[in-house]
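As given, the protein sequences belong to chains H and L, one line each in that order. Under numbering that gives the first Met the number 0, read the first sequence as residues 0 to 901, first letter to last. Under numbering that gives the first Met the number 0, read the second sequence as residues 0 to 901, first letter to last.
Heads up, a few of these hints could be off.
To give an idea of the interface, some chain L residues facing chain H are shown, with a C-beta separation under 7 Å as derived from the structure [stated by the list, open to error]:
(1) TRP113
(2) TYR115
(3) SER259
(4) VAL264
(5) PHE279
(6) ALA285
(7) VAL286
(8) THR293
(9) ASP309
(10) VAL362
(11) SER521
(12) LEU524
(13) ILE531
No lab work stands behind these hints: they were computed from the structure. Yeah, the Cβ is synthetic: ideal placement off N, Cα and C, and Gly gets one too.
Number of protein chains: 2
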Amino acid sequence: MAGDGSDQRALQYEQTLMYGRYTQELGVYAKEEAARLRESGQKRSISERSRTLDLLEYKGRCAKCRICTVRCQKFLISRVGEDWIFLILLGLVMALVSWVVDFCIAICLQAQKWMYGGLDSNVFLQYLAWVTYPVVLITFSAGFTQILAPQAVGSGIPEMKTILRGVVLKEYLTFKTFVAKVIGLTCALGSGMPLGKEGPFVHIASLCAALLSKFMSLFGGIYENESRNTEMLAAACAVGVGCCFAAPIGGVLFSIEVTSTFFAVRNYWRGFFAATFSAFIFRVLAVWNRDEETITALFKTRFRLDFPFDLQELPAFAVIGIASGFGGALFVYLNRLIVQFIRKQKTINKFLMKKRLLYPTLVTLLISTLTFPPGFGQFMAGKLTQGETLVTLLDNRTWAKQGIAEEFDYIGNSQAWKHPQVNIFVTLVIFIIMKFWMSALATTIPVPCGAFMPVFVIGAAFGRLVGECMAAWFPDGIHSDESIYPIVPGGYAVVGAAALSGAVTHTVSTAVIVFELTGQISHILPVMIAVILANAVAQSLQPSLYDSIIRIKKLPYLPELGWGHHEKYNIRVEDIMVRDVRYITLNCCYRDLHNVLISGQLKTLALVESAESMILLGSIERAQLQSLLSQQLSRSRRMDYIRERAAAEKKCLSDLSNSDSEDGHQRASQEVRFQISTEESTFSPTCPASQKPLKPALKRPSVVERPTKLPTSPQDHSGIALKNLFCSSPDVEALEKNNNMETSVSPEQRRPSKRVRISIVDDGDVEDDMTLREIAEWEERQLDEQVDFNNCKIDPAPFQLVERTSLHKTHTIFSLLGLDHAYVTSIGRLIGVVSLKELRKAIEGSVTVKGVKVRPPLASFRDSGTSSSETEATELHKLWDRHRSVSLPGEQPTSESDEKTQ
Amino acid sequence: MAGDGSDQRALQYEQTLMYGRYTQELGVYAKEEAARLRESGQKRSISERSRTLDLLEYKGRCAKCRICTVRCQKFLISRVGEDWIFLILLGLVMALVSWVVDFCIAICLQAQKWMYGGLDSNVFLQYLAWVTYPVVLITFSAGFTQILAPQAVGSGIPEMKTILRGVVLKEYLTFKTFVAKVIGLTCALGSGMPLGKEGPFVHIASLCAALLSKFMSLFGGIYENESRNTEMLAAACAVGVGCCFAAPIGGVLFSIEVTSTFFAVRNYWRGFFAATFSAFIFRVLAVWNRDEETITALFKTRFRLDFPFDLQELPAFAVIGIASGFGGALFVYLNRLIVQFIRKQKTINKFLMKKRLLYPTLVTLLISTLTFPPGFGQFMAGKLTQGETLVTLLDNRTWAKQGIAEEFDYIGNSQAWKHPQVNIFVTLVIFIIMKFWMSALATTIPVPCGAFMPVFVIGAAFGRLVGECMAAWFPDGIHSDESIYPIVPGGYAVVGAAALSGAVTHTVSTAVIVFELTGQISHILPVMIAVILANAVAQSLQPSLYDSIIRIKKLPYLPELGWGHHEKYNIRVEDIMVRDVRYITLNCCYRDLHNVLISGQLKTLALVESAESMILLGSIERAQLQSLLSQQLSRSRRMDYIRERAAAEKKCLSDLSNSDSEDGHQRASQEVRFQISTEESTFSPTCPASQKPLKPALKRPSVVERPTKLPTSPQDHSGIALKNLFCSSPDVEALEKNNNMETSVSPEQRRPSKRVRISIVDDGDVEDDMTLREIAEWEERQLDEQVDFNNCKIDPAPFQLVERTSLHKTHTIFSLLGLDHAYVTSIGRLIGVVSLKELRKAIEGSVTVKGVKVRPPLASFRDSGTSSSETEATELHKLWDRHRSVSLPGEQPTSESDEKTQ
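Please build the complete structure, drawing on both the sequences and the hints.
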């Protein structure tokens, strides 16, 4: 998988992710590659398994030791369960990774401080040290990531969301990406830029799960089950958040909210288990390293327990929530604006495309210049790292005591907030404004980075600001009774952090993360209220940051149905379906196939009984049909024909009487055998990796007959032949892709078909003496033959909808089952097709029903930024598709596959 | 709905819930009633809406005021969204209910204490007062509940789980149940028995949501959408837990874990919003009532923050977790054992059936006698209420200081734990053992009650016990450094409470509930570890308490697939499907229909093209077919026939030439009209409530023709007629039941068909002069006619599976889409059917594949208790079904429906 993608990677490198520049081909490309990847992956796992078996069976060197190991393993598996072992391993590895990354980041940040501190004699040298250090780290991170694996850029949550939706994104779960992400992230965070660790950790955990899954599949068992892998990926996302913040509960919930539409409750369990274990190990490592005395929260607070807040403070918390909602929406908007601005400015774009590392360098230079502590940084606590900033913001002491702010002794890091000339309020305001755009800008740098933590810190600062204001206005607290409970601004900071990060990510579980991060749950109601209000505001204005990135990247994801917008219920499938379905009939000839492949664009084609009845029998993948067609016109078949012709001529000379009947007899006896073997044969031209030439020693002269010339008229024995023909296809079982057909066929059974082909090639002593005209004639004749569907996988039950199914229901079914398209039938007759594209359009409001444009009332602002590029993209998409479909199934691929089989 | 069920209620009263006595008919019965309820509900909502419209349009008394209200309402709805208003209302109402219930319970408990305290001169009087009070309350609660609504008995979570699975349980969501549940619960908890409030509150919140939904549907809008109602029920469950414990996050998570298999993340949002609002109001009420100074946790703890626990204490926490796992499994087992014991003992059973209130009385008497404080209660802190017990157990002081326990001053309620002669450890052990069986026994009393809180308290006591032991063993704490951190037994109590309640309910979210209840999250890792271990142990031994009750009650619910048991993947649908499918063909005659109905048992029947092709066209509900058949043999049709015969005789006398052609002409002109109206006509004999006789004034003489004699040979115009015939059926759209057909048909359109029937009856001046033999002959002739499917709803796309679909996938699809059954097809041809029953059997391990019984390794103990009764039940089930199907579609129901239409 890593090998055969190298040629595409160069292309992809151009297409993706360069300072947030994503073209829409990625989505299409990813989809195209999905099937291929899946197929080759399955094959590889089989071959690997058989290899392992060979190893176990035949190499008897340390057989006893081996047997013992296998027994132990079996015992463990049967007793403890494979899932458990997997989850424990995953938790352990991720905790170690998280701890090591944190450790390295801490060292990097310390080194910067040390350099900066050592050079305090000369401000210019100090500035140089302060600025050069992050620039070098970020540039290295950007360069390293782009060279090794450009997929590692960014947060990774949007991609995980898409992958968990059922779409396989190529190269997003490889070892290279893992290395690039971990090292890139460490360097990026070590630079001290306002970047986060959470998003990338979700991706890293998923990578880890995928790699671990592959590793454990070496030992056999259930690790090849693809549905299980998806479940494990969901658990891995929870682990990622869990070990990043030592927040197991919040991690599980955040990962659910961010990645899933429908969630299987049984996964919940797995997530909890793995995330708890991971968080535990992560914190235990800190204890063992003597950083902590015992296991406590990451940013522990010490707020008053007996009277955390007054009931009359709640309006202030609500204000924080609403303001954070607007702020969160603004952040998402700003982030998208920056990406789109750079993308649209052609001249900047071109220049930056050439000098790829210039953009990160410039952005880093700008940000680090502004935070330079003796410069502008003194007004915004520039010398504190992100973690230190957060600790000071969550402090339980009040900074400003109504004019007597000077009296307060700022101990430790809190001193950075104190400025001799400037008020603490001004410092906070400057910090919030500067960090806001800095974070939005910094997250567009093409390094592995998240936006959660920066946003969290900004929210905390905002909350602190409100809290300090409240403390200044009510120095003795609001409570009217005899007891005085002063206001705790740290509590406001907690509320603000949860609210702003909730608004940006559209999640409620940031509340839980906050509790776990601070180790205190006393502010539960203010936090919940603020988070909910922030979400309500932000959701009505902008998509979440992750959805925004999904749109920018044009990832194949289905948007959510707005809730409460019941006018959507009035749209039916018949309103949005494509009526002009490309289909093939059971008794069509190869010419029809050719025409359909040229004109169509869809990935799968419907198979109907006949053009009159239109009764839907199943669906066939485009690649299958292409291989059918190219096989029919392949050089080997032509050579076969030439050989046959020659043989016929010879036979015609020797004896004319009884050859035909015998030949038919012999062929019939081999039919059964071939019906088994050809189901698994891999003639597909899109799968060259698995077609290694076997040794001539394996050749068997008994099977020299043409394996593809099985009963060519399926109408005659449509009863039996059709039934054999319908084998379970992996694409239909999109929900659970454990391809059982593959597992039941041993490698022994698969060999004959390969041998056959090779023997044909080896026997190619007949010369290709056909002229071009003869070839064209021969091909014309071939195209008029009826298609033999025996060699291709047909999905016998593609998902069907009725024409009156509502949009809401369609959306639910598509999300639940992870569908890509569904056929619309009426009494078994095919009348249309709906794909994700149509559904997405309908949901995004570009379909009008009865003259009214269907769109949620508040979403007008929300869509204005993307709608123009959306239509543009669709047009491009169509053009591209047309180009592809025209070039593929004609003469050229035939010769291509010809060359490969030889 | 409330009216037509009164006859059945008497029956149900016998069948259900009497001291935990549930017969398996309930499940079947519930399913039968489901369709009926749904249908009548829809009709009622339509009629109600039309009534509201009438009110708004025609009654112009205070029109201005009305218009203003409507406008305000529309404004609110468009701006704020109906969902929001609904959720806020729900939260508000539930918070009030919860607070009022708590208030009443507190008063009840205070009254008991006051009585007990006032009579301290005489121990016997004291005993009488102590015992009589709870006996009276429980007996009243049991009696009241059983008279008003026996559905209110028990926790309600199992029923909600089943309802959210898609099965409509009759009478579980009515106003009567609401009243019975609230009052019954208040009395039951006021008695001081070890009963809980959580489960019933989930039910009460759902009841509240259902009633509110009905109420708001008076104002029109989306409140009739059934999928929305299900979503709101899911949110309501969260509200129930949230306002019971003031735990919004834990409430949402617990309700998800307990009720859902697949969870839509968009519901998550709703749940959070409503639960937070509800919890907020609930706690604000306490502040306003001066119970609390500000909003804090319900059972606030004050543990040390800086060093909550040592790393070396973790093994002790793990031990609590594992022991709680065994304890939880034992509790579920004990609870089931008690129910089954009483059910099996025929003599006890008969006696208790007669004296229904005896069982609650006896149990209460036993328990309250044992807790009598001067008696045995002194060894188990008997005089404390459940809440007080919990507060003392979560105390942050250590009770036993290594032998010097006497020195500790037990202030307040903690004094109850102190006994002059007996050690504190003995007291705790006695408390745990006694409360354990008492709680298991008490939850079988037929009153509204839950088991969560008692289990929670027992868990806390167990944790306390371990904590006190640890404190006694390590008086200066474990930590080896200079600083001394003594062990906090209260923290152990928190861990124990979470672990045991998690084990009994099979949930992880009890951890979150514990944090929210205590207001401290410092023990997050020990709690998580203990809860996960407890779950792991309990899940491998026993089903959860709710699943156990589902099994006992035989509710139609699909069990979970065990995780990690991948051998299940080897079962295919073809292994478990029923091959002998009852089907009807498109051109069958009524006799076939009759035979199929007599022999079959399934709720829906497959419609295939012909017995040869077996191509599946759709499915028809049994009730629809029964109505078709009974209609064909109905008295009115016979009267029609007599009238026609008489007319024909007359006409034959007057003129013989042109009568036939004209009749045909007239009939044809009415065809179109009837095709609309008859789709909605309700001839079903199972739906008598909606067939109220209309006034004769509505009679129209123009439509006296037979409405059912539409084109009887669908083969002739199978192209068009078949298409008209296929309308969207509500049953198939189990996922989302917004029946659009119903909403689009106005009452105006529905009237004609009713008028027709009545006009026939009114015109019944022809005498029924047929002899019995003539009738039989006539019926024989009728049975030979071809079935006209125009009058019945056909589901055109019943869910189909392929024969090689794996069990795992089937289970996923069934759970995701809430299916009841699915057809197994092969290339469009029907080859089998799988229903929930087969699936359940396969999962529970009664299907053997390749000689190996498929069953999770640890489940042998788990199933032993139920397997015998299971098979027995299935046999009974079959018998009962056969009896039913034989008696229904023959002569008797025909005459029955005859009588009703007259």
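Verification of the supplied hints:
no.: 1; hint: TRP113; verdict: violated (30 Å)
no.: 2; hint: TYR115; verdict: violated (32 Å)
no.: 3; hint: SER259; verdict: holds (5 Å)
no.: 4; hint: VAL264; verdict: holds (5 Å)
no.: 5; hint: PHE279; verdict: holds (6 Å)
no.: 6; hint: ALA285; verdict: violated (11 Å)
no.: 7; hint: VAL286; verdict: holds (6 Å)
no.: 8; hint: THR293; verdict: holds (6 Å)
no.: 9; hint: ASP309; verdict: holds (6 Å)
no.: 10; hint: VAL362; verdict: violated (34 Å)
no.: 11; hint: SER521; verdict: holds (6 Å)
no.: 12; hint: LEU524; verdict: holds (5 Å)
no.: 13; hint: ILE531; verdict: holds (6 Å)
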